[in-house]
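*Asks:* Sequence:
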Amino acid sequence: MRVFFAYLLILILLGVTGFLSTELYQYVSENVWGETKEVLAKENDSVPSNDAESKANQETQIPASARIEAPFVSQYPELPSGCEVTALAMLLQFKGIDADKMQLYNEVKKDSTPIVWSPDKKTILYWGNPNLGYVGDATGKSKGFAIYHEGLFPLLQHYIPTGIDMTGQDFSELERQIASGIPVLAWTTISYEIQEEDWVTWDTPIGPIKTTFKEHAVLLVGYDEKSVYMNDPRKGNTPVQVDKTTFVSTWEKMGKQALSYLP
Numbered sequence: 001m002r003v004f005f006a007y008l009l010i011l012i013l014l015g016v017t018g019f020l021s022t023e024l025y026q027y028v029s030e031n032v033w034g035e036t037k038e039v040l041a042k043e044n045d046s047v048p049s050n051d052a053e054s055k056a057n058q059e060t061q062i063p064a065s066a067r068i069e070a071p072f073v074s075q076y077p078e079l080p081s082g083c084e085v086t087a088l089a090m091l092l093q094f095k096g097i098d099a100d101k102m103q104l105y106n107e108v109k110k111d112s113t114p115i116v117w118s119p120d121k122k123t124i125l126y127w128g129n130p131n132l133g134y135v136g137d138a139t140g141k142s143k144g145f146a147i148y149h150e151g152l153f154p155l156l157q158h159y160i161p162t163g164i165d166m167t168g169q170d171f172s173e174l175e176r177q178i179a180s181g182i183p184v185l186a187w188t189t190i191s192y193e194i195q196e197e198d199w200v201t202w203d204t205p206i207g208p209i210k211t212t213f214k215e216h217a218v219l220l221v222g223y224d225e226k227s228v229y230m231n232d233p234r235k236g237n238t239p240v241q242v243d244k245t246t247f248v249s250t251w252e253k254m255g256k257q258a259l260s261y262l263p
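Count the sequence shown with our numbering and you get residues 1 to 263, in order.
Because the hints were derived from the structure by calculation, they are not lab data.
Certain hints may be false.
[To be verified] Pairs of lysine to aspartate or glutamate, EDC-like flavour, derived with a Cα cap of 16 Å:
id : residue 1 : residue 2
1  : Lys214    : Asp198
2  : Lys256    : Glu150
3  : Lys244    : Glu150
4  : Lys143    : Asp111
5  : Lys253    : Asp137
6  : Lys122    : Glu197
7  : Lys210    : Glu252
8  : Lys244    : Glu193
9  : Lys256    : Asp170
10 : Lys244    : Glu225
11 : Lys253    : Glu197
12 : Lys226    : Asp243
13 : Lys109    : Glu150
14 : Lys235    : Glu78
15 : Lys253    : Asp203
16 : Lys143    : Glu193
For clarity, every value in this text was computed on a predicted model and none was experimentally measured.
Modelling step: build the complete structure from the supplied sequences, incorporating the hints.
*Replies:* And the structure:
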């Protein structure tokens with residue numbers, strides 16, 4: 001009899017175990033695995049397809065060349081030392097803004113710090129800082145010098161709120177901007193190159209500045225593998241072609257200064 005009851009107990013335990021196993025399997029299938037599939041589906045949705053990756057790569061690539069037709073404005077005869085506001089006038093006119101170089105010169109910030117010469121009148125000891133505003137007189141009535149990106153940028157933003165200061169960026173970013181259809185105002189020299197003997201230094205209200213009287217600003221309107229193209233306020237009414245390596249080297253020595261705007 002004891003054997004019979006023991007056997008019966010074993011059968012009952014096996015039945016209960018089988019039932020629990022079935023219920024556990026069903027629960028895992030319906031809940032845990034279902035949630036896992038949902039998570040995997042979401043992860044798969046978040047992974048970009050090859051087509052999306054290819055499109056993103058194309059958007060980041062810079063074309064090998066680009067050219068823009070932009071208005072030309074000469075700095076002469078009114079502003080023999082006013083290349084920066086003249087280049088800005090070209091940039092604004094490209095945007096469709098009726099900008100006049102003389103109006104811009106009257107509006108631009110100025111650093112009116114008086115010039116102090118050495119006793120022999122050959123060296124400037126103290127003068128203004130072009131990062132604060134235009135230094136000197138651009139009309140030629142007295143000695144004129146220049147204005148840098150920091151001083152000119154507020155005037156750009158006054159006319160174009162989406163103006164951007166691209167100073168310090170790699171030259172490839174200027175090419176990307178041109179390829180997007182928007183010119184770039186950039187700083188260089190009148191010969192697009194600079195030698196060590198061209199540099200001068202004087203003290204300013206905010207400390208010494210190392211610069212050159214060959215400083216110049218142009219409107220970049222194109223590039224290709226070997227050249228850059230620009231509207232030069234000092235020259236004729238057609239874009240000037242300059243060796244890219246030479247121009248970029250000088251642009252970098254002049255502080256990688258550049259201004260433009262977003263659409």
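*Asks:* Decide, hint by hint, whether the structure agrees.
*Replies:* Results for each hint:
A hinted pair counts as satisfied when its Cα atoms are at most 16 Å apart, and Lys214 with Asp198 qualifies at roughly 7 Å. The suggested pairing of Lys256 with Glu150 holds, with an alpha-carbon distance near 12 Å, which does not exceed 16 Å. Using a Cα cut-off of 16 Å, the hinted pair Lys244 and Glu150 is violated, with the two alpha carbons roughly 25 Å apart. Restraint check for Lys143 and Asp111: satisfied, since their Cα atoms lie roughly 13 Å apart, inside the 16 Å limit.
A hinted pair counts as satisfied when its Cα atoms are at most 16 Å apart, and Lys253 with Asp137 does not qualify at roughly 25 Å. In summary, the hint linking Lys122 to Glu197 is supported, as the alpha carbons are separated by about 15 Å, within the 16 Å threshold. In summary, the hint linking Lys210 to Glu252 is supported, as the alpha carbons are separated by about 14 Å, within the 16 Å threshold. A distance of roughly 11 Å separates the Cα atoms of Lys244 and Glu193; the hinted pair therefore holds under the 16 Å criterion.
Straight-line distance between C-alpha atoms of Lys256 and Asp170 comes to about 8 Å, which keeps the hinted pair within the 16 Å bound. For a cut-off of 16 Å, the pair hint linking Lys244 to Glu225 stands: about 8 Å separates their Cα positions. Between Lys253 and Glu197, the direct Cα distance comes to roughly 13 Å. Compliance with the 16 Å bound is thereby established for this hinted pair. The straight-line distance between the Cα atoms of Lys226 and Asp243 is roughly 6 Å, inside the 16 Å bound, and the hint therefore holds.
This hinted pair checks out: Lys109 and Glu150 have alpha carbons roughly 10 Å apart, not beyond 16 Å. Straight-line distance between C-alpha atoms of Lys235 and Glu78 comes to about 14 Å, which keeps the hinted pair within the 16 Å bound. About 20 Å separates the Cα atoms of Lys253 and Asp203, which puts this hinted pair outside 16 Å; it is violated. Under the criterion of a C-alpha separation no larger than 16 Å, the hint pairing Lys143 with Glu193 is inconsistent with the structure, at around 23 Å.
In terms of the numbered hints stated before, the structure departs from hints 3, 5, 15 and 16, listed from lowest to highest.
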